[in-house]
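Peer 1: Sequence:
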Amino acid sequence: MLLKRNLNHLSKYSYYFVLKNIFFLIVAFTFTISNIYSEFKTHFKYILPLSYPQLHLQFPHNPVKNIHTIDLAMIKKNQSPKFWPHRIPFVAGISNNQTKLFYYQFEPLGFSKLIDIPIDTPPIIDVAVMEDGGVFSITSSNLYTHNYDFDLKSIQLDSKLPLKDPLKCSTNHINKVAILFKNSIQLYRYKTTKRFSLLSVSEQINSILKDHSCKNLSITSSGYLLILTESNILFFSPNGILLQSVPNTGKFDLVDFTSFGDYILGSSSYNRLAKYSPNGFLLFESSFLKPAENLKELAIYQPYGNLCLISNEEGAYYSMTTSLTIQSGSYSLDNHNQLSIKTSFLLTFPSIVSIQIRDSDSSIMLTKEKKLTAGIHHLNWDKLDPKFQNKSIQVTAKGLYSESNTVDANFKLVESL
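In the working numbering, the protein residues as written are 412 to 828.
Possibly wrong hints are sitting among the right ones.
[To be verified] Result set (DSBU-like, lysine-lysine): computed pairs, CA atoms no more than 30 Å apart in a straight line:
#, residue 1, residue 2
1, Lys-823, Lys-781
2, Lys-701, Lys-662
3, Lys-686, Lys-621
These are calculated hints, taken from the structure and not from any lab test.
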C-alpha cells in the first residue's frame, strides 16, 4: 500500500514536472520566435507570400514548378517598351528540375507570359540577365547568350561557348559578366550582344581562388565582386584586388547585391541573412521566419530594394528598412571656450540623415538631409555655442529606397577625455 502511494505520488510529481518543463519550453520558444521577428523586422518588412498556386493563376499557360533560380533587372530606359511599366523588371529563371529556362514577357492586356528558352544540354545550372534583354545561362558544358528584343517580343540565341563544369553565372545587369568555376573565374565585358574577356582582372582574382573551393558570387553595378567559398567570404575591387577576407562561418552560399553596391547573403543550410558593405564590413546578421524551409534562392530587385527569398515549396517578398545606432557622442571646449562635437553612428541601409543638438529653448542643425551610404560614419563640428555642451545629439535617418522608413536616435553627449 505504501509502495502504491509512493508510486502515485511519484507519478503525480512526474506529471507536474513534465507540465512545468513543457510550459517553460513553450515560453522559451515563444520568446525566441519573438526575438527573431523583432530582430528581422528591424531590417526588412514582410510584403507578401509567394506560392506556386498563386504563380499558376498569374501564368496559366506555362505553369512552372520547382523554381531553381531567378534573376531580374530594371529595363534600360531607352529600350523599355511603351506599354511596359518601368517598375516591372526583365526576369529570367530556371524551373522544372533544372530542365526549363524561361523569361518573363509583360502583356498590357490579358495575362503576361513566361516563355521557354530552348536549351539543348540540360540540366541548366544558372542564369543571369542584363538591363538590355541579355540572358546568360550555363550548363555543365556551355555558356549560352540570348538576347530579347522588347519591341519585337522575340528572343534569339547569339552565341554558345563551350565551358567545362562552370558553377555559377552572374552579371552586374549593365556591362559585366562573371562565370565561376571551382577554383577560378572568367570575367567579361558585355556590349551590344558581344563579350570581351577581362583577362588581367580574372588572373588577378584567380591567384587567390586557386586555394579555395568556390560556391557562389555577385558582381555589383560598379564592378566590385564578392565570392563565397567553402571557408571564406572574399571581397574584390573592380580591378581584382582582394579587399577583405572573412571566415564563412554562416555557411553562406547565396548572394545578391543592392543598388548601392552592398551584398545580402543567405544560406541553404540555416535560416539566416547577412549584409556586408562592398569592402567587407558586416552591417548586420539576422534570422528570418518566412519561408520556413531552407532557402534555394535569394534575389534582389535593385531599384526598389526589395528582397525575394525562395525555398522548395514557397517564397516570401520583403522590402528593406533602414536602422540607426549611435555609437558615440562627445564634446570638448578649446582655449577660446568654443564647443566641438564628435559623433559616430551605424546605418544599415543608405539613408538621408539630419543631425541636430538642442537645449530647452533653442537648437542647432548640424547636418541637414545628407545622403549617406550604409556603414559607420564619423562626423564632427567646431566653433559651436558652449551652452550645448551637456545636451543630447539627435540623429534622424530616412531610408533612400524600398520602405523609405524614418528612424530617430538620441545620445547624451559626454566630455572628451
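Peer 1: Against which earlier hints does the structure fall short, listed by number upward?
Peer 2: As far as the earlier hints go, not one is violated by this structure.
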